[in-house]
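Asker: Generate the whole structure from the sequences, applying the supplied hints.
Just so you know, the protein sequences line up as chains R and G, in that order.
For the first sequence, my numbering begins at 1 and goes up steadily by one.
For the second sequence, my numbering begins at 1 and goes up steadily by one.
Hints were generated in silico from the structure; no laboratory data involved.
One should not assume that every hint holds.
As the list claims (entries may be wrong) - Which residues of chain R face chain G? A partial, calculated answer using Cβ under 7 Å: (1) 99; (2) 100; (3) 236; (4) 238; (5) 276; (6) 279; (7) 280; (8) 285; (9) 287; (10) 289; (11) 290; (12) 293.
For every residue, glycine included, the Cβ atom is placed at its ideal position computed from N, Cα and C.
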Amino acid sequence: MTTATEPITEYRSWAVEEFRLEEEPYYVPVADEVEVFEAAWNNKIPVLLKGPTGCGKTRFVEYMAYHLNRPLAVVRDGKTEIEAESNLPLVTVACHEDLTASDLVGRYLLEGNETVWIDGPLTRAVKAGAICYLDEVVEARKDTTVLIHPLTDHRRILPVEKKSQLLQARDGFLLVISFNPGYQSALKDLKQSTRQRFVAVEFDYPPRETEAEIVQHESGCSADVALNLAKMAEKIRNLREHGLAEGASTRLLIYAGRMIAQGVSPRRACQVSIVWPLTDDGEVQRSIEEVVSSIFED
Amino acid sequence: MTDATPNSTIEEAREGLRQFPPALGQEFESALEQVQPVLEPDELAQWLREGLDIARHSLRSWEAASEYFRASSSVLEQITYERMRDWCAVGIELMETSPSLSGALFRASPQVLPHLSVSQANDWAGQGKSLYKGTWKSGSLSAQFFDVSPQILPHLPLSQMRLLVDLIDSLASHSYELASACLGMAPGVLSQLDRSDRAPFLEFGGIVAHTAWVDARVYFERGPGALRQVSEQQRPRYLSLSGQVAMQVGRLGHPYFIEAAQALSEVDKEIHEGLLELAEQLAEHSGDAAMEFIKSSPRVADRLGIDDIARWQEFGLNVLQQSRDGGEAFFRLESARGEEVMEALSSRVDLDRVSELIRMYCKALTGVDVGVKASEELTAKGVGWVDESSPTTEGTTIYLPENVERYPTKDENFAVYKVFATHQAGRLEFGSFDYQAAADPALFPASENGSSNGQAGQAASNGSALVSVEEGEGEIHTDMERFFDQFEDRRLAHDLFTIVEDTRIDTIVKREYAGVRRAFSRLQQAAIDRRRPIEDMPARQAMVENLLRASLDEVGRIRWPGELAEELRTPLRILNRIRQDGATVQDSAAATALLYDWLSQIPNMEMDSEDWSDFEQEMSGEPEAGDDSDMMPGSGSSGLEESFMPFMPGSEERPYDSPDPVDFRGDFKPELVQLLMKLKGETGSGDAPPIPLTKEQLQELLEKSVEISINELMDMDLAESSGMFLDNLLKEVNQIQGERQEGQQAMGDDSTGAEDGAELPVEAQSFYYDEWDFRAADYKPRWCRVQEQRGESGTTNYYTETLHEHTQLVQETRKQFEMLRPEMFRKMKRLTDGEDYDLDAVIEWYTEKIAGGASETKLFYRRNKVDRDVAVAFLLDVSASTDEEIQKHHDQRQDDQFDDDPRKYLSWWAQRRAEAARHPGKRIIDLEKEAVVLLIEALETIGDKYGVYGFSGYGRDNVEFFVYKDMDEPFGDRIKERIDKIAPVRSTRMGPAIRHCIWKLQNTDAKVKILILLSDGRPQDHGYGRDRTEKEYAIHDTKMALTEARREGMVPFALTVDRAGHDYLKQMCQDMAYEVVADIESLPRRLPALYRRLTG
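Answerer: Here you go:
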């Protein structure tokens, strides 16, 4: 976790479905997205998060997973006990263009002379009653929709074809997908039949003051710097569709803020953490740098 | 003195002369009369004898004798007889060569003698003699030499005369007429030259005569004029350089001389010496380079100082040493490197280099689509802006000066641009043009000024000069205009508003953009240093000027009579308040009204004060809240009446003049901008239709506004020029509306009267591309202009007929292409991990395992998705050569069959003609067209993106690029119509067309991009190579263009129907794919097949 304070000296591992957030992720609600999400979760309606990269979609899901509780069943000495409520596990899958249905559901693996079935992340989430977050879902192959559809309507069923099984999702399970309408080509739009199974929460970069607050909190830079970074981001975002595919994300602002907090000069920090990651086009780079140099004095 | 001897000798002589024409006798008599008193008798006798000897020498020598006699007396006036004899001996000796020369010598003698000593006579005669080659033409040239000598010698010492003689001699070997003409011109020419230039002039002339004799006359005619363009001290040097160059370059030497001199006239004379020195260094390597260097010097010197020119030259010299052509192109300014180096050395920043950068910068700041253009473009429109060098904006575009060269480094100059742009962008970002009459100011409480009406009313009640506004007069008036209508003195109001609003903008800009503060302050400082002294200004003007200085953050530079300090304090406070956070343009307007009230009470008279003092006031502090009461005019002091002011006794009120503009703030014309925006329908409720405005209404409005001084626009009478101005304004507005409609995909605009569906002819759009010069191994920057235009439209019949003609083929290709349609997945086997087990692999593995063999664990398969994401640009050669009919092979054979039988032949011929009438012979272009039709059919089935283009043109600035179907244009009847009209045009300049195609593909989103070039022969065009027959240059450029395509990740493919194509395609494409379609008629079949192979 980015917010972890104590030094991490050894790696830790979780089973996919057991990953829980131990500390509250920092998230500043911009509108009523928290309430909307909660209502959707209560009603088992899957959620579609729309918005540009780095505006806080993933953080929002983490925040919600932390805050949504469900009764935790623990099997102890053969008896099932309901223990204290616990926050939801979060299974995150970054989708890519070769991601297939069996990557999500599971597959047989060879082990010695046998084959062993391994559950995929989606199956695990369904079984564990976790939030399954499919990031950038349009990137995945179309056959994944076969899985998404029965899971997202009233049935909440995951067909495990290879094992000839149907899995009913446990309470708590919620499918959340994200989608960035900005940069995908027309080919990679979500199909209507898929879209219309979700409630959608639209994200955009937060307003200047909120963004400054976020940047300040996350990066530890001064309020002044944070406000200037937010102002700059606003200006850079004006260039969207004009040489820039996407505006500077809040994430990049935070990086810049951290660099500045570490003593890198603001102009340089913006160059390495905003200008260069954003674009390779020399001219666009220069125009952004001019914006940067107009806002920061050194 | 004895009489007898002379007399008898004279008689003797007379006797002797009688055998010659009487003219000689007469000449003798008159000479005798003058000579006799001067000479001793024996001298006289000798004189007579010599004359007679001359006359008797040969057939026509009596003429020489006649000249001898005639010259004698005046010669004797100059030298003694003794010396004259020496002199004449030279002439007599010349008799041996030609008596007529001798005559010419005698004839010239009297005038020549003042310039020559007797001892030089031999030399002189020898020079003349050297021109004589024994022919009459050479004789007359030589004689001419003696004839003109008297006019030449005053300008040229005899020693240098040799140069002229050599020059003439050399010319004479080509043409006597020319030689004689030049000789005739020589005195005039020499007299025009400075003494020290004459010898070098002739030396260079000698070289010209050798290397390019035909230019000699021009040299004599224009040379002195050309030379005068060169700095006086440098002329000999320039001539010797020209000579050195001419020796190398031959015939070009003289044109170079003229052109380079012309170029030198355009640069500062101070640097001629430096330039020549640099050129001399170059001349050692290449004469061309040296002269091209000088020819380019005006453009170079425009950007670089002499020291930097030397650095530039040094760089070029290096290039030159590596490659002659490269270096020459460098100095000709035809190489990208040359320009780059110059750009790097120059501190000047040119707008065209940074306009895109600034555009994006402004777009980022303002968030709206602003354009960035040169101020000149705005003034050229004639819509009210007249200053070509100030930054300004008309609401949609920011106009900046063409270049900035104020400071010694590029960065500093760019910073100037940035300040200009930031201020103008600030006007847009912070709403300088958003004034609304109805909105309330935030900082100036309503009680003070209220709404604009209240303001006027209140002002009127204060006894000021405001005029009341008539309500509801018509909605053509902009709020800004109404605002200014309130003031009697519009100019003053406008100036005040400008100062206040610029103060507001600058303050916000500096607050918001801390990074530009430094550059801003520097320009502010520079601006204030240029202000005129206040002391000479009349009172009101001085006050305005002081406000302006205060607005530039220079309170310390305010000068004001000390006794009136109080009177200035309040206006300054009003101005200062606008600096507060949250101030809007409404506040600016309110402040303007307040200031106006103050200032209109101050008579504009000259002040007579001894106590001009700097105005010290603690301006830093914000005015205290509630401290508004004293902002009211007259409330602070009892009255600002004349009695109070230290006016010049008896002075009269002077007309008010605006303060000098502040350069970095540029022109501010809020009224005009609001008007423009209103005309464009952009104000208020967004989509409201543009308000129609009659010319009369506009005119009234313009005559009122102080922002436009029509007189400045044109030198005509008012009605006419304002009429023209209105036309411009309306044109500008319509143009923008037109653009907008275009953007909305032109919904059948009726007003244009075009037929429904028909496309309007579109003006060609220009694009500029570099061209590769393989000799220089460098690009020639912005060398070619590609004019893009839509192909003409014909009918769809052609398309349909072609399909019909090739039904069979169409079906075949379509079927083949359907198979090409992407399968969604392709199975990849034998992977260590994958979607699922590959059954075959598993069985194999298991058998092996049982048999105890090695176990291969690659048992999985995976289906990889294959996206077909292809964009292709077809570039058709539509040059004139495609007009050729295709020679069918069998025709020739048939020809041979009718050697003897005329009847047979006749019937065959008739048959052939009938056939030809039915099926006219196909031309290359026809086959290209057919191939395109078939391909389009095929492409439509698989859904690849494609564009069909054609190119032709003549010369580098006119490469025509026809769009038959653009990448993103949907296929339809329009495309079919355009294909019908594909027709051969002119030359084949492939490079730029390919580059334009690359640009098209770059703007298309696809994984695979293909560029197919379909041509019928090698690239060639006027100026595409050293001459029309040179092939190398064009091929290299084309090759480079194709390589560029590859660098951009595209797949270039060249296809030609030229059977001899192998040789150059091999060179052009080297490691790229190409194909020669040997059988032209198979092209329609071949092209789709080939495409399938390329993308399959």
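Asker: Work down the list of hints and note, for each, if the structure agrees.
Answerer: Checked hints:
A least Cβ separation of about 11 Å between residue 99(R) and chain G goes past the 7 Å threshold, and the interface hint is therefore violated. The interface hint given for residue 100(R) holds, since its Cβ lies 5 Å from the closest Cβ of chain G, which is under the 7 Å cut-off. Annotation: interface hint on residue 236(R) holds; nearest CB of chain G at approximately 6 Å, less than 7 Å. Interface restraint check: residue 238(R) against chain G, minimum CB-CB distance 4 Å, threshold 7 Å, status holds.
Hint on residue 276(R) is violated. Least Cβ distance to chain G is approximately 16 Å, over the 7 Å limit. Proximity of residue 279(R) to chain G is violated relative to the hint, the smallest CB-CB distance being about 11 Å (cut-off 7 Å). Given hint, residue 280(R) at the interface with chain G, is violated; its Cβ is 14 Å from that chain's nearest Cβ, farther than 7 Å. Proximity of residue 285(R) to chain G is violated relative to the hint, the smallest CB-CB distance being about 10 Å (cut-off 7 Å).
Interface restraint check: residue 287(R) against chain G, minimum CB-CB distance 4 Å, threshold 7 Å, status holds. Violation of the interface hint for residue 289(R) is found here, the shortest Cβ-Cβ separation to chain G being roughly 9 Å, above the 7 Å cut-off. Nearest Cβ of chain G to the Cβ of residue 290(R): about 5 Å, under the 7 Å cut. The hint holds. A hinted interface residue such as residue 293(R) counts as satisfied when its beta carbon comes closer than 7 Å to some beta carbon of chain G; here the least separation is about 5 Å, so the hint holds.
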